[in-house]
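*Asks:* Given next are the chains, with one letter for each unit.
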Amino acid sequence: MTIATTAKGDKKPAAKKGMMENVLEQFNTAADKIDLHPSIRKILSITNNEIIVHFPVKMDNGEVEIFTGYRVQHNNALGPYKGGLRYHPTVDIDAARALAMWMTWKTSLAGLPYGGGKGGIQLDPSLYSKNELERITRRFTFALADNIGPEHDIPAPDINTNDQTMAWMADTYMSTRPPAERSANQHVVTGKPAGSGGLEGRDRATGYGVYLSIKFWAEKNNLDLKGKKYIVQGFGNVGFWASHFLEKEGAKLVAVQDAFGSIQNHDGFKIEDLFNYSKANKGSVVDFPGSQVLDGKDFFSIDCDICIPAALGNQITEKNAHTIKASIIAEGANGPTNVEGEKILLDRGVTIIPDILCNSGGVVGSYFEWLQNRNGELWMLDEVMAKLDKKLKESFNKVYEYSESKSMDMRTAAYCIAIERIAKAYIQRGIFP
Amino acid sequence: MNAPTINLCLNCLHINACVLTTLKELVFSCSEFDEIKTDAGYDIHNTTQSELELT
Chain A
1 MTIATTAKGD
11 KKPAAKKGMM
21 ENVLEQFNTA
31 ADKIDLHPSI
41 RKILSITNNE
51 IIVHFPVKMD
61 NGEVEIFTGY
71 RVQHNNALGP
81 YKGGLRYHPT
91 VDIDAARALA
101 MWMTWKTSLA
111 GLPYGGGKGG
121 IQLDPSLYSK
131 NELERITRRF
141 TFALADNIGP
151 EHDIPAPDIN
161 TNDQTMAWMA
171 DTYMSTRPPA
181 ERSANQHVVT
191 GKPAGSGGLE
201 GRDRATGYGV
211 YLSIKFWAEK
221 NNLDLKGKKY
231 IVQGFGNVGF
241 WASHFLEKEG
251 AKLVAVQDAF
261 GSIQNHDGFK
271 IEDLFNYSKA
281 NKGSVVDFPG
291 SQVLDGKDFF
301 SIDCDICIPA
311 ALGNQITEKN
321 AHTIKASIIA
331 EGANGPTNVE
341 GEKILLDRGV
351 TIIPDILCNS
361 GGVVGSYFEW
371 LQNRNGELWM
381 LDEVMAKLDK
391 KLKESFNKVY
401 EYSESKSMDM
411 RTAAYCIAIE
421 RIAKAYIQRG
431 IFP
Chain B
1 MNAPTINLCL
11 NCLHINACVL
21 TTLKELVFSC
31 SEFDEIKTDA
41 GYDIHNTTQS
51 ELELT
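Respectively, the protein sequence lines represent chains A and B.
Counted from 1, the first sequence has number 280 at position 280 by the numbering used here; the numbering is strictly sequential.
Counted from 1, the second sequence has number 49 at position 49 by the numbering used here; the numbering is strictly sequential.
Just so you know, these hints were derived from the structure itself, not from any lab.
None of the hints are false.
Straight line, CA to CA, 20 Å or less: simulated SDA-like cross-link-like pairs of lysine to any residue:
#1 B/24 x A/317
#2 A/282 x B/17
#3 B/24 x A/296
#4 A/248 x A/222
#5 A/282 x B/13
#6 B/24 x A/318
Which stretches of chain B does chain A cover? Using the computed rule of at least three CB atoms under 8 Å from a CB of chain A, they are:
#7 6-14
#8 17-30
Keep in mind that this is a model prediction, so the values were computed, not measured.
We treat Cβ as the ideally placed atom computed from N, Cα and C, and that holds for glycine.
Modelling step: build the complete structure from the supplied sequences, incorporating the hints.
*Replies:* So, in structure tokens, the structure goes:
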């Protein structure tokens with residue numbers, strides 16, 4: 001289909017490079033280390049399927065708009081494709097490719113029976129009413145048809161999509177099945193609202209995973225987290241929950257940075273108070289009582305033991321890596337440390353818990369939701385947390401031990417394990433015919 | 001494969017005041033992302049649980 005998009009709010013995306021190169025570079029570095037078979041390297045360097053759909057939706061004013069939606073399925077050697085759907089004007093097939101590939105490594109490393117996928121719709125959701133967004137989501141689900149499915153490709157929320165979006169998708173997909181099969185298809189998406197098949201504790205899964213990664217690392221190094229000072233960039237869902245659990249261990253949050261500014265307190269912030277303050281102040285932590293203003297450029301050089309970049313990519317670079325005082329970086333965000341920054345840190349003996357391991361609690365939570373729906377169960381919060389603990393400990397230990405035994409950094413080790421798992425599946429099964 | 005062109009900051013409420021990055025064209029994921037609100041638009045980030053369950 002080649003119908004041009006005429007949706008409201010079309011914007012020309014700015015030219016950008018870096019992300020796909022980074023993903024491929026990380027893949028190739030690990031592939032070289034494990035001497036990956038050239039045929040498997042070829043397979044993993046390219047996506048399996050790329051679906052582009054153009055679909056019409058009736059707007060509130062009676063006019064019809066045509067939207068463009070994408071779904072990229074990178075690899076399914078280990079199981080159904082898994083990954084988010086985002087609604088944004090700059091969503092395109094190239095972005096979806098890089099992010100789908102990333103999901104393949106993440107799910108493989110987490111030891112989940114999933115492959116990697118990603119997609120979305122090219123639109124600016126702020127320009128549409130709730131009813132319009134519902135019709136857009138439902139029509140997109142219908143357009144994807146059997147390209148998604150609970151045992152084939154399982155979308156999840158991402159940028160500008162949420163549990164409501166997933167509830168609409170699940171309902172639409174289930175409605176297209178024969179009546180007797182409808183309930184058995186609830187796990188076509190994850191990230192649904194609690195009460196509609198969603199998982200208790202899904203909100204804290206990623207932040208809890210960040211906290212656990214730090215805890216497991218401390219245990220391996222015979223360190224007590226009590227009294228340890230940490231800094232967090234980004235006080236969103238991940239930053240807050242990671243801080244919440246670290247506080248329970250007696251660690252002290254001494255500096256926070258969000259989109260509005262940076263603050264510090266040598267005695268440590270009370271997490272619940274800071275969270276409530278931020279909620280009451282349009283998401284800003286600035287001017288929190290008892291805090292001192294901190295110059296943004298000094299944030300990463302604050303005296304601390306643990307650094308948690310939990311906001312966005314490219315934050316720790318060759319420009320600031322040498323000023324970092326922390327002995328461990330726990331990557332709650334995706335891609336917060338660039339290649340040059342990482343090299344400086346590793347040379348200085350700083351440990352980096354890589355994003356694909358550190359923030360994998362979210363996708364593990366999604367897996368639990370899928371399992372819960374598939375088995376017709378409802379799990380309690382404490383059960384979910386215990387299962388997360390077990391699964392994430394297994395992943396962490398594998399990466400840590402691999403990195404120790406092969407004398408390599410944890411990121412390279414994580415990629416090696418992820419790729420080796422997929423390679424093993426190809427070797428065992430061979431290539432049809 | 002070509003480089004992706006995704007740029008979250010284009011539609012972020014904080015684009016002009018954000019202290020987190022000057023490399024706005026490289027942002028593909030961000031915890032601080034808040035969609036710019038319009039009069040017509042539905043605020044997907046502020047949907048209440050009860051609203052979710054009733055619809």
